[in-house]
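Read top to bottom, the protein sequences are chains U and B.
Just so we're aligned, residue 92 is where the first sequence starts under our numbering, counting upward by one.
Just so we're aligned, residue 92 is where the second sequence starts under our numbering, counting upward by one.
One or more hints might be untrue.
Because identical chains cannot be distinguished in the list, a pair is counted as satisfied if it fits within a single copy or across any two copies.
When the alpha-carbon atoms are kept at most 25 Å apart in a straight line, the in silico SDA-like pairs for lysine to any residue are as follows [stated by the list, open to error]:
hint	residue 1	residue 2
1	Lys267	Arg162
2	Lys115	Asp126
3	Lys267	Gly288
4	Lys115	Ala195
5	Lys267	Gly160
6	Lys197	Ser161
7	Lys115	Glu286
8	Lys242	Ala93
Keep in mind that the hints were calculated from the coordinates and are not lab data.
There are 2 protein chains.
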Amino acid sequence: MAVITATMVKELRQATGAGVLDCKQALEAHDGDFDKAVVYLREEGMASAAKRASRQVDEGLIGSYVHAGSRVGALVEVNCETDFVARTDEFQELAHDLAMQVVAAKPLYLIVEDVPADVVEAEKATYRAQMEESGKPENILERIIEGKLQKFYEEVCLLEQAFIKDPDLTVNELVKQQNARLGENIVVRRFVRFEVGG
Amino acid sequence: MAVITATMVKELRQATGAGVLDCKQALEAHDGDFDKAVVYLREEGMASAAKRASRQVDEGLIGSYVHAGSRVGALVEVNCETDFVARTDEFQELAHDLAMQVVAAKPLYLIVEDVPADVVEAEKATYRAQMEESGKPENILERIIEGKLQKFYEEVCLLEQAFIKDPDLTVNELVKQQNARLGENIVVRRFVRFEVGG
Chain U
92 MAVITATMVK
102 ELRQATGAGV
112 LDCKQALEAH
122 DGDFDKAVVY
132 LREEGMASAA
142 KRASRQVDEG
152 LIGSYVHAGS
162 RVGALVEVNC
172 ETDFVARTDE
182 FQELAHDLAM
192 QVVAAKPLYL
202 IVEDVPADVV
212 EAEKATYRAQ
222 MEESGKPENI
232 LERIIEGKLQ
242 KFYEEVCLLE
252 QAFIKDPDLT
262 VNELVKQQNA
272 RLGENIVVRR
282 FVRFEVGG
Chain B
92 MAVITATMVK
102 ELRQATGAGV
112 LDCKQALEAH
122 DGDFDKAVVY
132 LREEGMASAA
142 KRASRQVDEG
152 LIGSYVHAGS
162 RVGALVEVNC
172 ETDFVARTDE
182 FQELAHDLAM
192 QVVAAKPLYL
202 IVEDVPADVV
212 EAEKATYRAQ
222 MEESGKPENI
232 LERIIEGKLQ
242 KFYEEVCLLE
252 QAFIKDPDLT
262 VNELVKQQNA
272 RLGENIVVRR
282 FVRFEVGG
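Whole structure, please, built from the sequences with the hints as guidance.
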């Protein structure tokens, strides 16, 4: 069995934000395999995050970002459970990063459920029209349209977008990660983006 | 006839933002009376401002302000005619001051015309109910209600509010003053205010 060193635990803590004991246990359970321990802790974190999701979030911060030149800016409200967490550097960075995300990636909606039904229908009709003469069978067409719709959501919904500072994560995954790290339910409540003449 | 000194001209320029020659002429025309010269230049300024009002405004800035503690923030879009004016310190200060105004004074609407008719009717009905048993004649009641409605507009409309840094000016007058000072039509286009849990 692999020896679990303090350095390994420390690195795992930095990568996942999990506690010392959880990191030690995760490494032991996976014979010191760093990547497997990360996956394991992430899944554990998601599970606790789901448990936390019902708790009340009425604290938080207003994150703001105005791009150099002041022609475009954004505000984001991010909620958490306690003022204590709201004041941490991590939470402040999250709020700021999300405002920067809104400025850079121009989301139109917060979550998939916010996209109006007529917009979804119009998108679907466009995809269908594009493929009309492809001769593909209906069930394949449906699957392609669903795929294109998912891409559309990843473009226009803040929580589905790739995080600008780490495109391997969606914004939703980033929020969940901070949720696990800070041990509190975290919710992006609303955002607004102003652009001169926009 | 009073001697017009350079100091007098300088003070008048600082108070009104008008040009050197205009200030000198205004002081001469009013026998060196500072207050009369201010009123005169303000009226002149308003006249030129009115002339400018039809010109196109598609440049400008996004002003932002987040209060210490990051529990409340605001964005404001302020438009002008040229990028040159948008980049001046005065214009940047105006945009910032307006965002601060929105955070501090919590306007709900931009201008009087933005207040929905049903909100106005509900306000009027409340005022009338408050005075129902006062026995005042109808024409007096009407005047009192109009007065109270004006106070309501001064509370909820950004452009009607007293400017927090100089309550002798309304926000609209502040904008007109900068309009005269910078020689361009300036328009506050929109604002938004986010407060945690608000």
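> Quick check: which numbered hints come out false for this structure?
Replying inline: Hints 4, 7, 8 contradicted; others consistent.
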